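Mind docking these for me? Both chains are given alone in their own frames, and the hints should help you get the complex.
Chains as they are written, first to last, in the working numbering: chain W, 11 to 474; chain H, 12 to 489.
Mixed in with the good hints there might be a few duds.
Covered by chain W, according to a simulated footprint, are these stretches of chain H (three or more residues, beta-carbon under 8 Å) [stated by the list, open to error]:
(1) 110 to 123
(2) 217 to 229
(3) 404 to 413
Residues on chain H that point at chain W, a partial pick, calculated with CB under 10 Å [said to hold, decoys possible]:
(4) Thr208
(5) Ala212
(6) Met418
(7) Arg424
(8) Leu425
(9) Leu426
In silico contact screen, one side only, chain W against chain H (beta carbon under 7 Å); selected entries [said to hold, decoys possible]:
(10) Pro244
(11) Ile325
(12) Ser363
(13) Asn364
(14) Gly367
(15) Val368
(16) Glu372
(17) Val373
(18) Val377
(19) Arg379
(20) Ile381
(21) Leu402
(22) Ser406
(23) Pro408
FYI, nobody ran anything at the bench for these hints, they're computed from the structure. Predicted, not measured: the structure shown is a model, and the values here were computed from it. Every residue gets a Cβ at the ideal spot worked out from N, C-alpha and C, and that includes glycine.
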Amino acid sequence: MNRRDFLVTGALAGAALVAERAQAQHAGHGAQPGDAAAPRERAPDATRIEQSDRSWVPAQRPDRTPVVPGGPIPAHMPNVGKLPWRIVGGVKVGHLVVEPFDHEFAPGLRARCWGYNRSTPGPLIEGVVGDRVRVFVTNRLPEPTTIHWHGLVLPNGMDGVSGLNQRPIPPGETYKYELPLRDAGTFMYHSHHDEMTQIALGCVGMFVVHPRRPIGPRVDNDFVLMTHEWRIDPGTGRPDPNEMLDFNVFTFNGKAFPSTEPMLVGVGERTRIRIGNLSPMTSHPIHLHGHHFRITGTDGGFIPEGAQWPETTTIVPVGAVRVIEFVSTEPGDWAIHCHMTHHVMMQMGHDISNMVGVDAGEVDPRVRRVIPEYMSMGTTGMGEMGTMDMPLPPNSIPMRGGPGPFSYIDMGGMMTIVKVRENARTADPAAWYQHPRGAVSERATAAELRDNGIDPDRDTRRTD
Amino acid sequence: MRTERTTRIPVVLALALAVGCVSHSRREDVDAVRAVLATRTELDLVDRDPDTWQQEEPHVRELLAQPLDAERAVRIALANNRDLRAAMYELGIARGALVQAGLLPNPTLEAEVRFPEDQVEPPQYDVGIAIDITALILAPIRAEAAAARIDVVRYRTAGAVLDLAYRVRLAFFRYQASVQHLELMQTAQESYAASVTAARALHEAGNVRDLDVSIEEAALEQARIDTARAELELYDDRERLNVLMGLYGHEVSWEIAGRLADPPSEPLVLDELEPRAIETSLELAWTRAELEAIGRSLGLARAEGLVPDIAVGFHAEYDEERWEYGPEMAITFPFFSQGQGTVLSREAELESLRERYVALAVAVRASVRAARNRALTTELLAHRYREVLIPARTRVFEQTLRQYNAMQIDVFRLLQAKREQIDAARGYIEALREYWQARATLDQVLAGRVAGTIGPDVEIEIGARTRESGGPTASSPH
Ligand SMILES: [Cu+2]
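Extracted from the complex, chain H is given alone in its bound form (with noise of 0.2 Å):
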């Protein structure tokens, strides 16, 4: 039987500590999530008392008033997704666990009361009080295990917060490229419509058979189905951006700004990619911290078993019509088990981890090199389209036009010859967003979120395992 005699006081200041610093430490989580995302990208996550988090962000309402631009979009993206409102919660739980982890070891208070079988003898009466040395001596220990943690989540959050800014830039850049599309579809329905219109007149005038002007007419209709197809995927691309703007009701109607911007004249210039990339690296990092927490539980778990199982007390018991008191203690001997089996766990996930870290910065360097192969070569496409084949297409059509004004072909070769124009703008358009999709994969990386996917056919997507607890997974541009 144990008695555990000690004094309250340390126990309910260290309590009211704790909780009074909840609050106070979300802003705190949040300004060191804010400061790794500063080191890496201008991204800026608005800076908001976390207590208001659930009310209505006003900053939406004004950048939902003009058209909206990619950056704008992730603006409102960061301010109003309530997925990475989630992630951002997620602080508040591993805060909770650090909290949990550095509290006290409660006091044990023990009372009993035993009544003798002849009624003569008075009851006994037996109170102590213990506490757990062991848990007292340790807690310090396991709360700097979980504060190792909470660095683990803070970057994790960062990351969460990269990841929603990358998607949206991905389904802004494939809506305007959406938006675009759709637009030449229509001018070359309307070509279409310009050969039916030629071929009825010509019919009209007794030149054409009846199949010349069904087979216009069949042009046409299949070409409005292509366009409705394109509109249907441009009303889907448009609600991916209001899903990662977490807009619903009045909101969704806002209009983008501007269309698809050529590359920059000058070509990228990319160096010392992979230092930056393993520099910023948020995968690496997390895991770097998860290291140290790992490593602390095994020193804890080391502890643990080698430290014998303190608790001391103290124990009042009244017995024979009398008080009797005394300090007590318990010692359990790590004799037989010593923590070797969670030691060996610990060990284990530590080396385990090691490996994945290298395996992580494999995939980091070629995640880099991907994404910066991509870029170059989406920006020498999107150069050729633009210098080489658009210009090309357009001699073309120029040269088509000359030869129908000279009488060799006729009005509807010309507008076929319109439509081949068309075709190319189409896969210009292509071009840009592949480019500006691989420029936001390149700056994702550098921001320290591996991106996008390595090779065309096998799609590995790369860096998914790291991510499954990293809020919302990026979606592959490609």
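So that you can see chain W by itself, here it is in the shape it has in the complex (with noise of 0.2 Å):
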């Protein structure tokens, strides 16, 4: 057994009280351990890993109920909460704070970040056309800040840029800003006072206004995602603002995967997904599997529906929304992520050097008469990075993915699950997927291999 098999065995069994944890969780919400109808309750032992941060094992159920009679249903954040409304003489009245904050990242990661409501992204206002919104914004950031309001036509002196459209708020006091939603569409909000600092470390939101009646075929999902990125060194606990290209942290709704919440969908549904962008300096390609999507609208409006093209990526760039609308019709665990492939990475160290192919025989010997510790990473790839438990910078999940049904998912970062299942309603949303006999791709038998004339071992020929 070599150094890496045992540490990576040790892991598991550390991991075993933490499946324990779950299992007794999942007990609580209706799928029976043991039930051959329940879907697979837990991964095998093998592909867990610890989780601190439980919110998303299990997924919400969100709420269904029409935001109107008659209207929309409401739309579902995953992993953050919405801002709460008051009616005072029929103007919706909620109170923003923007402060300093520790947030999870992922298990094992948490920084001080700034953002609304100790969330970031900050909950998600929701309201609907006509309405009339009052925003209370207490300042507890050390420095002035503003709120603007990404994507809305709105009075000017509404609008939070910093000088132009009003004096900053000072630390310690509350604003006020009245809106009057005249349009449907989503929508952000972000700080536009030393934006640098203050987007870096999470001053950022998600606006949906919805439509008094569907515009469009009716949704039986509405998510809503927004993609950042940060720096964050491991060993480190902030942010760091002053990154200008060189992000190491990727996330949905401010979590890196398997923190994300997944999204589960019926077979046959109509699901809307509303993804924003306000991260710091990076557009990100989303792909979804196993649907084809049309892209419905912007933050700018609604796309009509002649001028809509399927797709599978849409690129979302900084500073827009994108709405894409798909109807699944193959049930699953279905990933959805960003397609640069440093963003599905966490905390990865750009500035180090190629070890792909490297003879690690030659060089582990040799270093280790100075490094006793030492083992060479990587030469054969780097997809087990993050199964190994070696001793790490404390707050830090460098190269770390998630426990998936199989073995472990070697994505982290920007990525989470849309889960499609045949009883929507009734399926555990942490559960994963139970595939039909024979549906996974499996190990070919030599039967296999002979039936079909296929010699493993024959000389790799080019195809011409």
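Now the structure itself:
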């Protein structure tokens, strides 16, 4: 047994307790462990990792009560709550407190962020066309701030650009914004004072305005995702707002996989996902597996059906929103993630030598003469890096992915799962898909190889 | 014409006594040196019959059979160092001077035959014997003056013993540090070699440029040269010890025991240092003895100047075909010369030495304070290295290893961090060497020898003048 095997085994043994806790929690959610009909409750032990944040297990069951009688269903923002309203004289009144707080990106990685109501992104602001909303903003940051209502058409004095449209809100003071919600759509909100710092630290949020009657086909599920990117060096505890290019933590709704709450939908259901991007610097090509979707809107409005085109990936530029809609046909667990490969990699160090293909048998004994703990890494690729249990800098989850039903999933960061189920209303949102027999890629048997005329040992020839 | 007549008997007796004493006195002198040392240090001067000094010391072979520590090396040097033996023989030189000074004046026999011009007259015979009475009277005073000189040489010889022990300790700590230094250099070189191996493996895989391999190879070659230099230094340091221990031939294959010890955990308590240093100072002791000797020389010069030079004798003359007898005396009156010049010289010499004595005391006090400061500072330094810097560097490396595990840095940066850790360890070895050498310096000053230097840039070596005839001078440890 080499050191790597030993370490992985050790890590897995430590995860047993966690698995038990997870099982107990599932039991309270209807699905019975051991019930043949119920989805498989837990991943094999060999694929589990420590989960200190259980917020994604199980996933939320979205509220489907229409926002107004006969109107569309409410939006659901995984991992993020909604701004509560109080009605005062017919006006929806909400309160945002912007302050530093401790945020968990995924188990093992926390940082001191700035955000709204101790959340980044801030709570989902949800209204209906015709509403008048009044948002009080209390600044508990150490510097002034403002809020800009990104995409909304509103009186200029409410637009929130510090210095241009208003005086910045000094620390300790509470300002008031009053917005008429004229247009339906998907919008955003964010700080517009010292944006570089405040957005990098998390002062962003989503703002959904529903039409009173659905525009286009009625959807069964309405999700909101917000992309973000951060620079958090392993061992540090605060995102670095000075970073311009080399980001190393990528999130949907402030969470990195496996802490991203999956989205549970039914077969045959129409689903909308509103994707907003307030990353400091980078566009994200968001790719959905197992579906074709159409882009039905942006933060500028709705796209007429004739102008929509089918896609599997849509680039969401910085400061933009893309609304996609799709109908699920294939049950299963479908990944949705940023297609930039480094954006599904946690805390990757980019300034290191390329070790792929290096003969560790040559290097390791030599280096161990001076550093006995040394082990070459990445010589056969880096997929397993996240499963290795070696002493790491505190508060870091470098290369870390998450548990999957078959094995460890080596994607982390900007990745989540659309869970398509036949019985979406009763299924456990946390459970993995149970595949029909023979419908999972498996090792080919010798007979299958023979019957199909495949000889894996034959010399590879380029097929021209 | 003088005639001195006296008996030879006392002369013969005195001479016999003096010569008979020489062998015995050399042992007495060595014992006196040992006594001087015993009150100042735990150094053990091997008790050997001075007459067998030339022969091989069996003790040395026993000591060499085991790995050496500093004190064992000192014992070998004390038994075996030829310069020290030469210094011990200087006791004999002084003793010889004393014996010479105590000898009585020799009588003078004078015989004369005169042949008259006319052949008729018989030849005339003149026989006289005379002795210098003044010299006879002054001999004990001269002997006393010379005896004071013996004290000077005894103190100086004790100083030479201390100096040798001190130099051995300095050289030993230096060698010990060089051994550990070389080990660390070799480990650093290993890390460069590992970098080269890694670079070549990466190159083999097609992942780095020729340039990257060349950079690592050049760094390794530089490290090899640095290690070779460290090795050369080690050999030099070893030869220094061989010279001090008087070793040659197959004897030079000794090994050392252990490594430079960490400084003791309880801090040095250093008080009442100046009185102790003044009390034990050999320089002051021998300068006092010199003052005594010069004082006696002055007394002698005064006496010689004032006492008339008297010679008495007995004279016989054969004249007119018969013998005539009679005593004889010659007196030189100190009429013009009363030895004023010599007295003046001696007086000036005395006053000059008195001033030097005070200057020396000032230097001894400064020397002990400097040694104390150095011991305390290097102790602090070594403690800082051990308690703070080394753990800090270790944490740096551990955290670097974690960053490596997190794939934030690569193997090259990791090896670099290891080298930085090694550098800290080298700094610690250097600090330990300085500490133990400073302790040796302080012990040396407290044992009675001015040692060390004051000030890092001016390098005023104090006490150099007073050491010039005190055997080999102690080399500066710093
Ligand atoms: Cu991306």
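Comparing the hints with the structure gives:
1. Residues of the segment 110 to 123 of chain H with a Cβ under 8 Å from some Cβ of chain W number 0, which does not satisfy the need for three, so the listed coverage is violated.
2. Restraint check on the segment 217 to 229 of chain H versus chain W: 3 residues with Cβ-Cβ distances below 8 Å, three needed, restraint holds.
3. Remark: the segment 404 to 413 of chain H is confirmed as covered by chain W, as 4 of its residues place a Cβ nearer than 8 Å to a Cβ of that chain, reaching the required three.
4. The closest approach between the C-beta of threonine 208 (chain H) and any C-beta of chain W is roughly 4 Å, which is under the 10 Å cut-off, so the hint is satisfied.
5. Proximity of alanine 212 (chain H) to chain W holds as hinted, the smallest CB-CB distance being about 5 Å (cut-off 10 Å).
6. Among the interface hints, the one on methionine 418 (chain H) holds; its C-beta lies about 5 Å from the nearest C-beta in chain W, closer than the 10 Å criterion.
7. Because the beta carbon of arginine 424 (chain H) sits about 8 Å from the nearest beta carbon in chain W, less than 10 Å, this interface hint is met.
8. Satisfaction of the interface hint for leucine 425 (chain H) is found here, the shortest Cβ-Cβ separation to chain W being roughly 7 Å, below the 10 Å cut-off.
9. The restraint placing leucine 426 (chain H) at the interface with chain W holds, with a minimum CB-CB distance near 7 Å, inside the 10 Å limit.
10. Hint on proline 244 (chain W) holds. Least Cβ distance to chain H is approximately 4 Å, under the 7 Å limit.
11. Using the Cβ-Cβ criterion of 7 Å, the hint placing isoleucine 325 (chain W) at the interface with chain H is not satisfied: the shortest such distance is roughly 28 Å.
12. For the restraint placing serine 363 (chain W) at the interface with chain H, the shortest Cβ-Cβ distance is roughly 4 Å, inside the 7 Å limit, so the hint holds.
13. Satisfaction of the interface hint for asparagine 364 (chain W) is found here, the shortest Cβ-Cβ separation to chain H being roughly 4 Å, below the 7 Å cut-off.
14. Hint status for glycine 367 (chain W): holds, given a least beta-carbon distance of 4 Å to chain H, under 7 Å.
15. At about 5 Å, the closest approach between the beta carbon of valine 368 (chain W) and any beta carbon in chain H falls short of 7 Å, and the interface hint on this residue holds.
16. Taking 7 Å as the C-beta cut-off, the interface hint given for glutamate 372 (chain W) holds, the closest approach to chain H being about 5 Å.
17. This hint holds: valine 373 (chain W) has a C-beta 5 Å from the nearest C-beta of chain H, less than the 7 Å allowed.
18. This hint holds: valine 377 (chain W) has a C-beta 4 Å from the nearest C-beta of chain H, less than the 7 Å allowed.
19. At its closest, the beta carbon of arginine 379 (chain W) sits 5 Å from a beta carbon of chain H; the interface hint therefore holds under the 7 Å criterion.
20. The criterion of a C-beta within 7 Å of any C-beta in chain H is met by isoleucine 381 (chain W), whose closest approach is roughly 6 Å, and the hint holds.
21. Restraint check, leucine 402 (chain W) versus chain H: the minimum CB separation of about 5 Å is within 7 Å; hint holds.
22. A least Cβ separation of about 6 Å between serine 406 (chain W) and chain H falls short of the 7 Å threshold, and the interface hint therefore holds.
23. The closest approach between the C-beta of proline 408 (chain W) and any C-beta of chain H is roughly 4 Å, which is under the 7 Å cut-off, so the hint is satisfied.
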